[in-house]
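Asker: Produce the complete structure using the sequences and hints provided.
Protein sequence lines correspond, in order, to chains A and B.
The first sequence begins at 13 in my numbering and counts up one residue at a time.
The second sequence begins at 3 in my numbering and counts up one residue at a time.
Wrong hints could be hidden among the right ones.
Only some residues are given here: those of chain B computed to face chain A with a beta carbon under 10 Å [stated by the list, open to error]: (1) Ala-6; (2) Gln-7; (3) Gly-9; (4) Lys-12; (5) Phe-22; (6) Gly-25; (7) Met-35; (8) Leu-46; (9) Tyr-50; (10) Val-101; (11) Arg-104; (12) Lys-180; (13) Arg-184.
Just the calculated beta-carbon pair ranges, DEER-fashion [claimed, not checked]: (14) A:Leu-31 to B:Ser-171: 45 to 51 Å; (15) A:Lys-26 to B:Arg-47: 28 to 34 Å; (16) A:Asp-146 to B:Glu-24: 40 to 46 Å; (17) B:Arg-248 to A:Asp-146: 32 to 38 Å; (18) B:Lys-206 to A:Lys-26: 52 to 58 Å; (19) B:Met-3 to A:Gln-159: 56 to 62 Å; (20) B:Asp-14 to A:Gly-73: 19 to 25 Å.
Don't read these hints as lab results, they were simulated from the structure.
Remember, predicted model here, so these are calculated numbers, not experimental data.
Backbone N, C-alpha and C fix where the C-beta goes; we use that ideal spot for every residue, glycine too.
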Amino acid sequence: MLVEPGQKAKIKVKVNGVLHEVEVEPRKLLVDFLREDLNLTGSKVGCDTSTCGACTVLVDGKSVKSCTMLAVQADGKEIVTIEGLSSDSKLSPIQQAFKDNFALQCGFCTAGMIVQTHYILSERKEITEEEARDLIHGNICRCTGYQNIINAIMDASRRMRQ
Amino acid sequence: MYPAQIGYYKPDSLGDALDFLEGKDAKVLAGGMSIIPMLKLRILRPKYLVDIGDLKELSFIKEGEVTAIGATTRHRDLASHKIPGLELIQETASKVGDVQVRNMGTVGGSLCNADPSADYPAVFTALEARMVLRSRSGVREVDANEFFKGPFSTSLKQDEVLEQIKVRSLKGYYQTYKKIVRRAGDYALVGLALAIKLDSGIVKDVRISFTGVDEKPYRAREAEKALMDSKLDESKISEASNLASRGANPPSDSRGSSSYRREVMRRLLKNTLEGILNAS
Chain A
13 MLVEPGQKAK IKVKVNGVLH EVEVEPRKLL VDFLREDLNL TGSKVGCDTS
63 TCGACTVLVD GKSVKSCTML AVQADGKEIV TIEGLSSDSK LSPIQQAFKD
113 NFALQCGFCT AGMIVQTHYI LSERKEITEE EARDLIHGNI CRCTGYQNII
163 NAIMDASRRM RQ
Chain B
3 MYPAQIGYYK PDSLGDALDF LEGKDAKVLA GGMSIIPMLK LRILRPKYLV
53 DIGDLKELSF IKEGEVTAIG ATTRHRDLAS HKIPGLELIQ ETASKVGDVQ
103 VRNMGTVGGS LCNADPSADY PAVFTALEAR MVLRSRSGVR EVDANEFFKG
153 PFSTSLKQDE VLEQIKVRSL KGYYQTYKKI VRRAGDYALV GLALAIKLDS
203 GIVKDVRISF TGVDEKPYRA REAEKALMDS KLDESKISEA SNLASRGANP
253 PSDSRGSSSY RREVMRRLLK NTLEGILNAS
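Answerer: Put into structure tokens, the structure is as follows:
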């Protein structure tokens with residue numbers, strides 16, 4: 013694929029199960045593509061420097077920071093955002109665990125936290141609290157409500173094993 | 003923040019990438035963890051990006067007496083793979099950035115970015131790795147020590163791509179990478195890559211390399227010399243730690259002052275060597 017500066021690239025991406033064939037400028041970041049072109053505003057732009065993790069989405073099942081990925085890099089890949097984690101208006105067990113453990117204050121970091129938790133628990137079923145802290149350290153909560161977030165992750169991992 | 007307007011080329015093979023790179027104002031994109039932030043800050047404004055991130059031919063770990071690691075191998079893949087005789091690489095990969103960064107970022111990308119505080123440059127310098135650089139006109143190998151020229155600067159030419167890194171196995175060496183950070187996920191304030199071979203308490207070989215303390219990886223040759231062929235004991239450890247920290251000229255920045263970094267270096271090397279002494 014060759015796209016000259018100023019031209020748009022044709023890409024095919026599956027987002028939350030829906031295939032999109034769209035044209036994007038190569039400089040467009042994945043998070044802006046999701047928010048502006050697809051109106052999926054669940055993923056947030058927090059720091060915009062790949063530090064805070066509020067923009068975390070799954071690309072081919074792996075969590076990435078969508079502010080530090082170009083939409084063209086996602087060509088041919090499958091993306092899941094926070095909007096794709098629940099079905100039939102029912103919360104996923106992880107979302108439910110976040111709700112039940114009061115694991116959000118302002119809520120800005122929550123979408124990224126929940127997507128990252130999905131990734132962590134898809135990789136391993138059992139997890140210690142120490143591991144959870146290490147694996148979620150790419151997500152920052154500026155309200156500093158970390159204890160309840162850790163509680164929610166541990167609770168979610170218990171629920172998913174049942 | 004948007005990067006400036008840019009062209010994009012996604013080659014089907016390394017050969018296509020090399021053809022395209024020749025004579026063009028283009029930058030190679032692998033995982034993007036270093037280059038995309040720089041494009042967003044508009045520190046870099048190339049005309050084209052050449053996206054080699056999905057080239058399967060560059061993503062591999064071939065173990066052997068000399069292990070070859072493909073340049074676009076993800077940190078995640080290195081972190082989940084123990085290479086016998088090179089356990090240090092797995093340990094380092096698992097300490098890079100955070101989970102999301104390790105899912106995207108590549109070992110070659112980190113090396114070519116040559117951030118003076120990055121983890122791999124010090125480690126591959128300690129391992130005396132060979133960097134295999136390919137262009138349309140051929141292939142050449144450069145010692146890691148020669149590869150890093152200064153902050154964000156390497157001996158890679160405009161039309162070259164880092165293809166793989168070759169590392170000789172260090173079986174029987176105690177190896178570790180220790181990193182001191184102010185907060186989880188930060189770049190290293192000081193990082194120490196250490197490989198040491200002991201025989202009945204005598205140091206038979208040792209490599210000591212630091213990150214975050216100079217414009218490029220700092221190999222503490224004086225400290226290595228002091229340890230070589232000596233018995234590893236408290237006084238030798240003190241001497242080597244002092245030599246290593248005295249020989250460096252660390253920068254002062256928001257992460258720490260020069261003298262603070264020097265003290266962290268000294269203690270990091272001292273504690274690590276003492277740990278080895280107590281375990282052996």
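Asker: Each hint needs a verdict: does it hold in this structure or not?
Answerer: Status of the hints after comparison with the structure:
no.	hint	in the structure
1	Ala-6	holds, 7 Å
2	Gln-7	holds, 5 Å
3	Gly-9	holds, 4 Å
4	Lys-12	holds, 4 Å
5	Phe-22	holds, 8 Å
6	Gly-25	violated, 15 Å
7	Met-35	holds, 6 Å
8	Leu-46	violated, 12 Å
9	Tyr-50	holds, 7 Å
10	Val-101	holds, 5 Å
11	Arg-104	holds, 9 Å
12	Lys-180	violated, 16 Å
13	Arg-184	violated, 13 Å
14	A:Leu-31 to B:Ser-171: 45 to 51 Å	holds, 46 Å
15	A:Lys-26 to B:Arg-47: 28 to 34 Å	holds, 32 Å
16	A:Asp-146 to B:Glu-24: 40 to 46 Å	holds, 44 Å
17	B:Arg-248 to A:Asp-146: 32 to 38 Å	holds, 34 Å
18	B:Lys-206 to A:Lys-26: 52 to 58 Å	holds, 55 Å
19	B:Met-3 to A:Gln-159: 56 to 62 Å	violated, 32 Å
20	B:Asp-14 to A:Gly-73: 19 to 25 Å	holds, 24 Å
Hint compliance for this structure: hints 6, 8, 12, 13, 19 are not met, and every other hint is.
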